[in-house]
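> These protein sequences, in sequence, are chains A and B.
First residue of the first sequence? That's 2 in this note's numbering, and the numbers climb one at a time after it.
First residue of the second sequence? That's 4 in this note's numbering, and the numbers climb one at a time after it.
Calculated from the structure, these hints are not laboratory results.
On a predicted model such as this, the values are computed, not experimentally measured, just so you know.
Glycine residues also receive a C-beta, built at the ideal position from the N, C-alpha and C atoms.
One thing to keep in mind: the hints can contain errors.
Listed below are the simulated DSSO-like cross-link pairs for lysine-lysine, each with C-alpha atoms no more than 27 angstroms apart in a straight line [claimed, not checked]:
hint	chain 1	residue 1	chain 2	residue 2
1	B	143	B	103
2	B	143	B	45
3	A	67	A	107
4	B	90	A	170
5	A	181	A	79
6	B	33	B	45
7	B	105	B	70
8	B	90	A	67
9	A	22	B	143
10	B	143	B	105
11	B	33	A	168
12	A	46	A	144
13	A	52	A	79
14	B	105	A	170
15	B	104	A	67
16	A	144	A	41
17	B	79	B	145
18	A	111	A	67
19	B	90	A	168
20	A	113	A	168
21	A	181	A	170
22	B	33	B	105
23	A	22	B	105
24	A	107	A	79
25	A	46	A	181
26	B	105	B	28
27	B	105	A	200
28	B	90	B	143
29	A	170	A	79
30	A	200	B	145
31	A	67	B	103
32	B	77	B	143
33	B	77	B	104
Listed next, the stretches of chain A that the computed footprint assigns to chain B, with coverage defined by at least 3 CB atoms under 8 angstroms from CB atoms of chain B [what the hints assert, rightly or not]:
hint	region
34	115–124
35	158–167
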Amino acid sequence: MKLLLTLLFAVASFACIAQVKTLTPGQAAPDFKLENVDNKEVSFKSFSDAKGYIVVFTCNTCPYAKAYEQRIIELNDKYASAGFPVIAINPNDPEVSGGDSFDKMKDRAKSKHYKFPYLFDQGQVATNAYGARNTPHVFVVEKTNTGNIVQYTGAIDNDPEDSNPNKIKYVEEVINALNKNEKPSYTVTKAIGCTVKRKS
Amino acid sequence: MYRFLKQLLLITCFACFTFSAKAQKVPLIKIDQLESRIHTGKDTTYIINFWATWCAPCIEELPNFEKLNKEYKKEKLRILLVSVDFKSQFTSSVIPFVHKKKLKNEVLFLDETDQQEYINRIDSTWSGAIPASLFIRDNKRKFIENQLSYPELLHEYQTF
Chain A
2 MKLLLTLLFA VASFACIAQV KTLTPGQAAP DFKLENVDNK EVSFKSFSDA KGYIVVFTCN
62 TCPYAKAYEQ RIIELNDKYA SAGFPVIAIN PNDPEVSGGD SFDKMKDRAK SKHYKFPYLF
122 DQGQVATNAY GARNTPHVFV VEKTNTGNIV QYTGAIDNDP EDSNPNKIKY VEEVINALNK
182 NEKPSYTVTK AIGCTVKRKS
Chain B
4 MYRFLKQLLL ITCFACFTFS AKAQKVPLIK IDQLESRIHT GKDTTYIINF WATWCAPCIE
64 ELPNFEKLNK EYKKEKLRIL LVSVDFKSQF TSSVIPFVHK KKLKNEVLFL DETDQQEYIN
124 RIDSTWSGAI PASLFIRDNK RKFIENQLSY PELLHEYQTF
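The shape of chain A in the complex, shown without the other chains:
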């Protein structure tokens, strides 16, 4: 019995770890087709002129996501016209996190005047394909001749509290480098954040 329990635990822990394999820079960024808060489907192909995408896994409920919300809005304002629009995806299962239901997402996007898609990830398909682990978790994707490639994963900057005027704005630096055809100086960063709420 004890052995069985141990085995069960081992399998369970393995399943949890296996589920969240985060894409690494250089890997292909899988496309998705998800429903936006305006009920229209959005994928990479929806942005035919884009040079790339700022894919942000973010949500309604996490204090870190809320702390970064304005900065996500500003990223889109600054970079959508430069070829890198924001695509926000809510990775949380609404059954586990009620505040992240599709209706609540619509309310949030409306009240904060999102000018970028805020997608509902039914079944956490994109979330698992990218291996999003916390909110907000950013993937900067570049459109290349060989397809969509992940160039950066991690945090928006190194100052969640927005209190350091000398913060390093990772995502901005990465996009500025890509726009100059240079290699970004940052490819992977980490940040404290809320765990993606998965169905157990």
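Using the hints, position chain B against chain A.
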């Protein structure tokens, strides 16, 4: 009347004193201090839980760490609850929370700004999501980036 007031004052003072004696202080700690603290622990098993007042699953699992501490008091076990809250929330949220919940495990506040550095020093596999817990004894380490139920926590402790 005067006597009554005097007594009331005494009782109030006493109540204040016992309250402040019971409620633990929460020291600010740097990652260096946390690491050296663990290294001096030798054969003690350390379970370091990273949590924050805003993190619902963290709050949910805190009682499990309190229970483990209570039930295995006689063993060489030391549980450190390390808050990674925003520093601006330290006096307004962290301190009141620790007092309200009457946490018996030692609570520390991680006073670091560069998350890139400290996340990797705690564990290179950590994405930064919380709750997360680090088990350490001598050179043995195990890192778990997940919420732990009491049976899971107990299992991890007993098999470590």
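> For every hint, state whether the structure bears it out.
Going through the hints against the structure:
no., hint, verdict
1, B:143 x B:103, "violated (34 angstroms)"
2, B:143 x B:45, "holds (11 angstroms)"
3, A:67 x A:107, "holds (15 angstroms)"
4, B:90 x A:170, "holds (20 angstroms)"
5, A:181 x A:79, "holds (16 angstroms)"
6, B:33 x B:45, "holds (20 angstroms)"
7, B:105 x B:70, "holds (13 angstroms)"
8, B:90 x A:67, "holds (16 angstroms)"
9, A:22 x B:143, "holds (24 angstroms)"
10, B:143 x B:105, "violated (31 angstroms)"
11, B:33 x A:168, "holds (20 angstroms)"
12, A:46 x A:144, "holds (11 angstroms)"
13, A:52 x A:79, "holds (14 angstroms)"
14, B:105 x A:170, "violated (39 angstroms)"
15, B:104 x A:67, "holds (26 angstroms)"
16, A:144 x A:41, "holds (23 angstroms)"
17, B:79 x B:145, "holds (17 angstroms)"
18, A:111 x A:67, "holds (15 angstroms)"
19, B:90 x A:168, "holds (16 angstroms)"
20, A:113 x A:168, "holds (25 angstroms)"
21, A:181 x A:170, "holds (17 angstroms)"
22, B:33 x B:105, "holds (24 angstroms)"
23, A:22 x B:105, "violated (38 angstroms)"
24, A:107 x A:79, "holds (23 angstroms)"
25, A:46 x A:181, "holds (23 angstroms)"
26, B:105 x B:28, "holds (11 angstroms)"
27, B:105 x A:200, "violated (31 angstroms)"
28, B:90 x B:143, "violated (31 angstroms)"
29, A:170 x A:79, "holds (13 angstroms)"
30, A:200 x B:145, "holds (24 angstroms)"
31, A:67 x B:103, "holds (26 angstroms)"
32, B:77 x B:143, "holds (21 angstroms)"
33, B:77 x B:104, "holds (23 angstroms)"
34, 115–124, "violated (count 0)"
35, 158–167, "holds (count 6)"
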